[in-house]
Each structure stands twice: as C-alpha cells, then as structure tokens.
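These protein sequence lines are chains A and B, in that order.
Everything in the first sequence is counted per the UniProt record's numbering, starting at 1 for the first residue and increasing by one.
Everything in the second sequence is counted per the UniProt record's numbering, starting at 1 for the first residue and increasing by one.
Bear in mind the hints are in silico, worked out from the structure with no lab data behind them.
The model shown is predicted, which means the values in this text are computed figures rather than measured ones.
Here a beta-carbon is modelled for each residue, glycine too, at the ideal position from N, C-alpha and C.
Some hints here could point you the wrong way.
[Unchecked claim] Quick list of the computed label-pair ranges, beta carbon to beta carbon:
{"#": "1", "chain 1": "A", "residue 1": "R130", "chain 2": "B", "residue 2": "A184", "range": "37 to 47 Å"}
{"#": "2", "chain 1": "A", "residue 1": "D84", "chain 2": "B", "residue 2": "R26", "range": "50 to 60 Å"}
{"#": "3", "chain 1": "B", "residue 1": "S181", "chain 2": "A", "residue 2": "G50", "range": "49 to 59 Å"}
Here is what each chain is made of, one letter per residue.
There are 2 protein chains.
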Amino acid sequence: MADVSADPRARRPGGRSARVRAVVHRAAADLVAERGADQVTVPAVAERAGVNPSTIYRRWGTLPALLADIAAQRADTAPEPTGDLHDDLANHAAWTLADLSRPGGVAFFRAEVAPDVDERRAGLRECLQRVSTRFETILDAARERGETPPSLERVLDRIVAPIYFRVVFSLPETDETYARSLAAALLDADS
Amino acid sequence: MADVSADPRARRPGGRSARVRAVVHRAAADLVAERGADQVTVPAVAERAGVNPSTIYRRWGTLPALLADIAAQRADTAPEPTGDLHDDLANHAAWTLADLSRPGGVAFFRAEVAPDVDERRAGLRECLQRVSTRFETILDAARERGETPPSLERVLDRIVAPIYFRVVFSLPETDETYARSLAAALLDADS
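Given only the sequences and the hints, what does the whole structure look like? Please build it.
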C-alpha cells in the first residue's frame, strides 16, 4: 500500500490534505456499507467524495490501500491501557464490537475487497495481524506485571471469534455488555 | 430458490439428472474455491461443467439457488446422533470444521455470492439457520433424555464461532482434535 505517512501532505492535520482524507474515508466507508466492499470502485468513491479519481489514485494507489488506511485510522481510536487485565480485555472487546459494527466494519475486517485470492488472503492476514497485535499488547503488559494471562489463541477463540461471528450473522443481543462479559468469562475459566 | 425436490428428474439418483447435478456441483464448488463466490457466474459454471447454461438456469434458476442446493446436499452428510451429548457436539464440531474447510466451504457459509445486500443477508440468515438447526437437534435430544445442555447461544459462541473464525483467517492447528476439544471445554465449563 501507499505509505501515507511519507506523504508530506499527510503531515498537516488541519490542512486541505486532511480534509480530503476525511471526505474520501467517509465516502469509501459509506459506499462499502451500502454496496459491500466488492462492489466499490475508486471512481465511485471519487464521485461520492466530490474529488477527482486521480486524487485517490495518486495518494492511495488502489482501493485496498485506501481501505487499509481507513482501518489503520480506526485502530488509532483503540482504548488506552488501564493496567488491569480484565478491564483492558473488556475495553478492547467492546471496542472490537463497536469497530466491526460500524458501517462497512465487517467488510473491512474481512478485506473481501480483493478480487484476487492471494490479495484477499493477504488482506485477511493483515486484519488478523492488526487485531492480534492489539490484544497481544494487553497480554504482554500483564506478563510484565508478573501476571499469567491467557494465550492469544484463547483470546481469539473466546473473545474475538464470537464477536466477529455474531456481527457477521447479525445475532441479537450482541451489545457492549455481551462483549465485556466475554472477557470476564475467559478470565474466570482460566483462574 | 428452485425447489429441486419437485423436479421429477431429481428423483432418479442414478440417472442422467443425478450425473448432471454432480458435475455442476463439482464445477461450482471448484470455481468458488478458485475465484471466490462473488466472481463466479452461471455461464462460467456451465463451461467448467461442460453443460449448457440453460440447463443450470432451468434447474436451479440462479447461482445463489445452486449454491444453496450444494450446501443442502453437504448437510445430508452430517453425523448421526449417538445419544451422548459430548460425542454429538464433538462429532458436529468436527463435521462443521470439515464442511467449512472444503473448497469454497467458507464462501458457501458466508453466502457472500449475493451482490444485493438484502439477498446477502437472507443467505447469511439461511446459513445460520442451517447450522443452528443441526446443533439445536442435538440439544433437544439431550433435553429429552433429562439432561441440561448448554444453550444454543453458548454452542454458537464456544464451538461454531471459533471454528468459523479460524477457518476464515486460516489459523494454524485448526484440526479435528481442536474442533472436538471445543465441545469438551464447553461442557466442562457448564458442569
């Protein structure tokens, strides 16, 4: 993907460049939510955002790179560590649910935008890597405090997987209370 | 979808109709595995299967109906009940993993083939319904034996969701032993 951070225009958060980024992000997210990621094209995003397609091609290169940039920006809003394993897991469970529930959230997570199977797999790996890194940071911090947290695999099985599954299949009662309860249940089972 | 069972040609299991069904199923499953369900069309399936597209349109109507027929046929291979809750859950966990791991298995489960958002949701609901019914049958049988099985929601969270997540994201060590262990862990937690 295009290295946006290397783009000098991206360094002026209040400037025209930031406004373009915001309007393009919004247009892409709305279109993904309305049509599904596989039906969205760069020209369609440009039209919705009211910018020239070349603006998007120049800055992001491809639609997958644009969607990856949106996902990376979303990740910046993840909750701060609290120093308490249960609270950190519960906060991140709630945040993961909120993130997946946003317009296009599951589509971004699935990265199903890539028509090519290898690209799609790479997108899925990147998504998994992103969510794994978030939770790994929490588990590492707990280990540094001398605690014995569950493994990342257990966190994926018991917190991330059920949230993902319930959002994909629109199961009822999938709310913040439910997401937080997964963290408590996992720690109870391991203690 | 087309009601295939009402088609008199479908009632002769060894006949030409059954052979056409098998070859079309195989072609569709292979193409879904190779390209992703959203890139597969009826003409492409027909070409791969060596049949006329009108044969597919006449018998199944649409590609989603064809994929639903394949999924329904797969469901016929589900394991028989054993009369033991743990064994039934473990057998169905292993079978669900095998089913999702087949070529195109996840794509079928996600029913992502429908370009229309409402159709896609309907496909997802049908997939969820299918897997829910399988497990509900097991839980009902346990209740009839006077046992107190976990709720369907817990089975989805603790068995189906992790299997689905791990197949979608190609996590390593997602094998039959792992799938079966989810059943034991769920029953241990509830006992």
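Hint check:
1. Here the CB-CB span from R130 of chain A to A184 of chain B is close to 31 Å, at odds with the stated 37 to 47 Å.
2. Between D84 of chain A and R26 of chain B the Cβ separation comes to about 54 Å, which falls inside the hinted range of 50 to 60 Å.
3. For the hinted restraint 49 to 59 Å between S181 of chain B and G50 of chain A, the CB-CB distance of approximately 53 Å keeps it satisfied.
Of the numbered hints given earlier, the model fails hint 1 alone.
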